[in-house]
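Undergrad: Position chain D relative to chain Z; hints supplied.
Number of protein chains: 2
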Amino acid sequence: MRIKIYFFGKKNEITEWEQEYLRRINFRCKCELLPLNQAGIKDDKVAKEKEAELFLNKISDQSFVIAFDEKGKERNSIQFSEWTKKQLETFGEIIFVIGGAHGLHQKVLDRANAKVCFGTMVWTRNLVRLMALEQIYRALEIDGGSNFHKN
Amino acid sequence: MRIKIYFFGKKNEITEWEQEYLRRINFRCKCELLPLNQAGIKDDKVAKEKEAELFLNKISDQSFVIAFDEKGKERNSIQFSEWTKKQLETFGEIIFVIGGAHGLHQKVLDRANAKVCFGTMVWTRNLVRLMALEQIYRALEIDGGSNFHKN
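Residue numbers (this note's numbering), protein chains in the order written: chain Z, 1 to 151; chain D, 152 to 302.
One or more of the hints may lead you astray.
Said to hold, decoys possible - Each computed EDC-like pair below joins lysine to aspartate or glutamate, with the alpha-carbon atoms no more than 16 Å apart: (1) Z:Lys71 / D:Asp220; (2) Z:Lys150 / D:Asp220; (3) D:Lys301 / Z:Glu32; (4) D:Lys301 / Z:Asp44.
Claimed, not checked - Covered stretches of chain Z (chain D as the covering partner; in silico rule of three or more C-beta atoms under 8 Å from a C-beta of chain D): (5) 115-123; (6) 130-144.
These are calculated hints, taken from the structure and not from any lab test.
The structure displayed is predicted, hence computed values, not measured ones.
Where is the CB? At the ideal position from N, CA and C, for every residue including glycine.
Only chain Z is shown next, with the shape it has when bound in the complex (with noise of 0.2 Å):
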């Protein structure tokens, strides 16, 4: 099972505390973040486009997408956690995409499987990134059966 996490950003915005994220799931569930260039355009609607061709590139017609999106469905951490199980059983590799500046291109929204959110308040995109490791990891150990989560 392999989980790849898309964003529009430089390799070396990945902070240490996403690292950390990074290094615990990968005990329970490969796990990669992966930058993909900003399109570096003033014009929002161009560069959204251009970021989207450029993701959808990079992945294939049987790919599982789940885009983080306001609009998405919101589940609990539990919740979150059996579904996440779910996919990564059905699937084998799940890839989340996170919006860059501008958020995320309709191309790519029409595209996505499932788009999930973190309830109806937006946050900047380096903090989804964070906030969407907090999750995966909380999700696997939860499934794991760890005590991390505590309701």
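TA: Quick look at chain D alone, frame taken from chain Z:
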């Protein structure tokens, strides 16, 4: 106007990321992140109660206290901004409190004038601190009319 955020932990746990948020928030409103000693007791109930007393001794009867609690009210970023601004204008000072390793004691939840949550997921307390700073920063930027928040 002034914002105080109490957490259970040590001052040196505050990351550079959080310090950067504090620096930015302070352009608009005085804001402090205030550590309280963790109880350091294995028994959950006793630890929570000891921590509750420590916090309750720091505040006055007039303090407007907001607890971060999974069962609290969920607001989107715009709603949180409007609500926070209203409390700041009404009370002059607002006090947030983040639970320790075992969460907040019922005494603190009962004393709180309001309870707020970040969706239905459970987050580790260090991450809640960073998430709180992000939303407070975002709230003040929205209120100040900057273009930081994109809907």
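Undergrad: Now look at each hint and say whether the structure bears it out.
TA: Do the hints match the structure? See the list:
1. Z:Lys71 / D:Asp220: Violated, at about 22 Å.
2. Z:Lys150 / D:Asp220: Holds. Lysine 150 (chain Z) to aspartate 220 (chain D) sits at ~13 Å (cutoff 16 Å).
3. D:Lys301 / Z:Glu32: Distance of about 28 Å is beyond 16 Å: violated.
4. D:Lys301 / Z:Asp44: holds, 11 Å
5. 115-123: It holds: at least three residues are needed, and the stretch 115-123 of chain Z offers 7 whose Cβ sits within less than 8 Å of chain D.
6. 130-144: Per the Cβ count (5), the hint holds.
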